[in-house]
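Student: The chain contents come next:
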Amino acid sequence: MTDTIIFVLAGAFATATPLLLAAIGEAVAEKAGVMNLSVEGMMAFAAAVAFAVTYQTGNIVLGFGLAVGASVALSLVFSILVLGFSANQIVSGLAVGILGLGLSSLAGRSFENLTMMAPANLSLPVLSDLPLVGPILFRQSAITYFAFAVAFLTWWFLAKTRHGRITKVVGEDPAIAHNLGFAVIRIRLFAIIFGAVMSGLGGAYASTILTPGWSDGLIAGRGWIAVALVVFGTWRPLRIAFGAYLFGALLLGDLAVQAMGFSVPPQIMTSLPYVMTIIVLAAVSRNALLIRLNAPVSLGQNFQPSK
Amino acid sequence: MYQIVRAPLLGAVLSMCWSGTLFAQEPLDVAIVAPNAIGDVGWDHEVVRGKEVLEERFADKINVTVVDSVGEGPNAARAMNRLVANGTDVLILGSFGHMSDGMALAKKSPDLKVLHIGGYQNLPNFATFTVRHYQASYLCGMAAGYATKNQQLGVVAAFPLPEVLGILNAYVLGARSVNPDLKPVKVVWLNSWYDPPRDRSSAESLISQGADVVYSLFPGTPSALATAEEKGVYAVTTLSDNSAHAPNKHLCAGQANFGVVYANVVQSVIDGTFEGKDTFAGVAEGAIEVAGLSKDLTDEQRAAILAKQDAMRDGSFDPFTGPVMNNAGSEAIASGKTLNTSEIKSMDFLVQGIDSRLQN
Amino acid sequence: MMGRYALVQRSEVSLKSIMLVPLVTFVLALLGSMVLFGFLGAPPLEVLYRLLIDPLASAYNISEVVIKAAPLILIAQGLAIGFRAKVWNIGAEGQLIIGAVAASVIPITFPESQNVLMLPAMMLAGMIAGAAWAGIAAALKTRFNASEIIVTLMLNQIAVQILYFLINGPLKDPMGFSYPQSVSFPPVAMYPLLSDDGMLRANASILVVILLSIAALIYVTRTFSGYTLLVGGLAPSAASYAGFSAKKAVWITLLIGGAAAGLAGVGEISGPIGRLQPSLSPGYGFAAIIVAYLGGLHPVGILLAGTFMAIVYVGADGAIIDVGLPPAAPVIFQGMVLVFYLASFALVQYRIVRVQPEARA
Chain E
19 MTDTIIFVLA GAFATATPLL LAAIGEAVAE KAGVMNLSVE GMMAFAAAVA FAVTYQTGNI
79 VLGFGLAVGA SVALSLVFSI LVLGFSANQI VSGLAVGILG LGLSSLAGRS FENLTMMAPA
139 NLSLPVLSDL PLVGPILFRQ SAITYFAFAV AFLTWWFLAK TRHGRITKVV GEDPAIAHNL
199 GFAVIRIRLF AIIFGAVMSG LGGAYASTIL TPGWSDGLIA GRGWIAVALV VFGTWRPLRI
259 AFGAYLFGAL LLGDLAVQAM GFSVPPQIMT SLPYVMTIIV LAAVSRNALL IRLNAPVSLG
319 QNFQPSK
Chain G
10 MYQIVRAPLL GAVLSMCWSG TLFAQEPLDV AIVAPNAIGD VGWDHEVVRG KEVLEERFAD
70 KINVTVVDSV GEGPNAARAM NRLVANGTDV LILGSFGHMS DGMALAKKSP DLKVLHIGGY
130 QNLPNFATFT VRHYQASYLC GMAAGYATKN QQLGVVAAFP LPEVLGILNA YVLGARSVNP
190 DLKPVKVVWL NSWYDPPRDR SSAESLISQG ADVVYSLFPG TPSALATAEE KGVYAVTTLS
250 DNSAHAPNKH LCAGQANFGV VYANVVQSVI DGTFEGKDTF AGVAEGAIEV AGLSKDLTDE
310 QRAAILAKQD AMRDGSFDPF TGPVMNNAGS EAIASGKTLN TSEIKSMDFL VQGIDSRLQN
Chain L
68 MMGRYALVQR SEVSLKSIML VPLVTFVLAL LGSMVLFGFL GAPPLEVLYR LLIDPLASAY
128 NISEVVIKAA PLILIAQGLA IGFRAKVWNI GAEGQLIIGA VAASVIPITF PESQNVLMLP
188 AMMLAGMIAG AAWAGIAAAL KTRFNASEII VTLMLNQIAV QILYFLINGP LKDPMGFSYP
248 QSVSFPPVAM YPLLSDDGML RANASILVVI LLSIAALIYV TRTFSGYTLL VGGLAPSAAS
308 YAGFSAKKAV WITLLIGGAA AGLAGVGEIS GPIGRLQPSL SPGYGFAAII VAYLGGLHPV
368 GILLAGTFMA IVYVGADGAI IDVGLPPAAP VIFQGMVLVF YLASFALVQY RIVRVQPEAR
428 A
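Top to bottom, those sequences are chains E, G and L.
Convert by adding 18 to the 1-based position in the first sequence; the result is the number in our numbering.
Convert by adding 9 to the 1-based position in the second sequence; the result is the number in our numbering.
Convert by adding 67 to the 1-based position in the third sequence; the result is the number in our numbering.
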């Protein structure tokens, strides 16, 4: 029993990592007023590239690097559409996402069903030998620690730094930001690229460390969970980190439930993150003040400085 | 690594006039349809690997075309029809989900012969076959019974379908036949044919509960095996020898050989004796065998496993011979009785020694 | 660098240039895919022939185009009404699934029935269920101001899980060896085929789609007096949508979109599929968004765009088998079409002007 609990509590960190990375990236883009719905496509393309490169070269750093490159390349197409051409953000995101999914099956085609060894997790000296908390907290992948650190740094950036506040102003009211002399388009571009880097890392982690292996459709909706997470965490990095861990535990929950000898339809477990997201969204949107405190007001609206 | 064979230009011409005319002197056109992208192990790999057997046996008497990534859904019929329009004489369908589209096509094209893997409905020109995976599973169960130190086996299984239950039951019967001290076998139901990260998590979950042999039963991917290798526990699997994915800890695999059945069917088409019947092919036909036995097994253990395989081949041994108790404590197979094909194919119980319950 | 050039919305966009957009898109996407797939070893001209000519070169292929076009056009017509009012229903895929699931209950309950009212009843059930599923988003939007984009996206995922649950449980064929699929539907549950030729699968659903497209045209032209193809003529916000209140607009557009998608779901199970199964749609709900945009959110344009997309899909399916195009090809093509469309649309709508540095505030 304790084995199972430790397994779920420890495993949830690993499962949460790609969700958290992608969600933090998307949250920053959305804070700057850009909704990028191509997360699933970016993660998939990055995952395929990361696996292919790491498998061929044995160099996981190169794999992560090129995966991030692939994801950023997709996000530049998205940026040209929404920032350059003022195209609709929703449709542009879906378009680039579809493109990414197609490219992922193309890039991964020669690597179907291949696996490789995951790099060993970090085992922090002394701490990892502590009972209970040792295996749960201190035997995780370096990327997992990185993801939670990024969540913290993003919180700090948005809440405590001047650039963070500017980013939020750009997402609240781009016209005012422009009139204050901020380069709205450039800030949004940086935010989109940051989102792509995070999605790329999340995808690369999924195919080289979490699974590790490639087969078509590997990301299997994790990009959409990340989009949900941003809302679930009401655009706040620390809540998103908590949500990612919760969703990660839910993804493992049905294994734990089975291990305890119960049987719950797995579809209920799989639906829960989405149901909870809808509930949270309805709760925070219900009055103008709450939504203003949480969601970026100009989310999804394009801005042209010379209009 | 394109698995798609370019059809001759003739195909394009034929597709326009929409006729399935069979020229007697032409080589027989065989098309194999796989539901997913093709890897180096697993279901689609095995579906497509049958091509080699066909080409070896029939050489230039046949043309074999392979199409992959044709999953169930409204597009599958289009791919099948296109193949028939291009002159396919024998269509081999590699997914259970191809059943209704394949049946519809067979009804409309009486000259076409269809071989459907895993289905249960037949027409005069629509044959089906299933492999007796449970036979190799029993043998791998023996290997697992020998190899376990913790007396704890773990199984990651796809869906609780009758075929899967049969394979799981045979595994546990095999393991308990050589190791009566086993603790109840733990099972995780994926309820999915395909979910690599969950394959891995499930294997980890079983290992965390003390399992030191993990059986990946109809995995979508080799993830569970790679996980076992990484964690240093033994791995067992169905369909393909996965030694490459677990070079040190690969204990045993049931290696399927669909090509044997393909070849028999193609021969029957050439001879004009094709029947729309069901084939349940096993060790005796060469459609399944144990492979990738670990070097950690002793010579005696290995010999015992292979001896059981020989006994299955000559018919002197059948895993589903009573008395067998189910895990609710009542008799599932009466003493002296051996399950027949339809009883095996509609199996709805778990044998004694499995720590899992079925829904419904 | 940024900001030295800027896009300025044209005050007037000529009809000719608007018509040019889909054309430019097609040419760019075709060129793009020829280059991409040529690079992967498929001869470019052959690809072109496969994608555009071959799908129309035989009765069978035309019938397949019809099958493929019907759900795309139907869903896109429903979505476009919402998109014009800036109501972002991204959940057609889920509405299609729920529509199909609800409708399937009738033939699964009465598999031996010979009642000719079964298909109409299924169509009704599919529309009501699809609309109800979309109605969740409408209710949350109007009651709680929850973004319909997020809600419909989430409802897509939940719909898939509901389908999986039911097809592995109550709606499963009891004689089907526990495989996740329903019984085959009786003939009265199926759309009648358009031809007696046994090979042709095209069915009467396309007639329903055409009728509803005409209805959409009437709806659009009558409710938007002076509606033009020009984007400048689109309603600036939901509030001014044909004189409805914003809330009413949200409800009406989501219900119509959901009903259309639900009906499209019935078209699949009562057409090419003939039963309920885990995989019902190869992403029609998302592809229809592309079709709606490609058709300029106009009923006639959607009819043309849906037909075109269907031609390319059928062509790509053929090319996968005949010339070894990778199976990802149609997906990539789909993405490219939309990307190029969005880009060329913007170029028509805006002009690029040089902004003097001192012009910035």
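Derived from the structure by calculation, the hints contain no laboratory data.
Since the structure is predicted, the reported quantities are computational estimates derived from the model, not experimental observations.
Warning: the hint list may mix true and false statements.
Partner residues aside, some chain L positions facing chain E, computed with beta carbon under 10 Å [said to hold, decoys possible]:
1. L220
2. I225
3. Y231
Idealized CB from N, CA, C, for every residue including glycine.
Student: Now, for every hint given, state plainly whether the structure supports it.
Tutor: So, going through the hints one by one against the coordinates:
1. Below 10 Å, beta-carbon pairs count as interface contacts, and L220 of chain L has one with chain E at about 7 Å; its hint therefore holds.
2. Interface restraint check for I225 of chain L: the shortest CB-CB distance to chain E comes to about 5 Å, inside 10 Å, so the restraint holds.
3. For Y231 of chain L, the shortest C-beta to C-beta distance to chain E is roughly 5 Å, which falls under 10 Å, so the interface hint holds.
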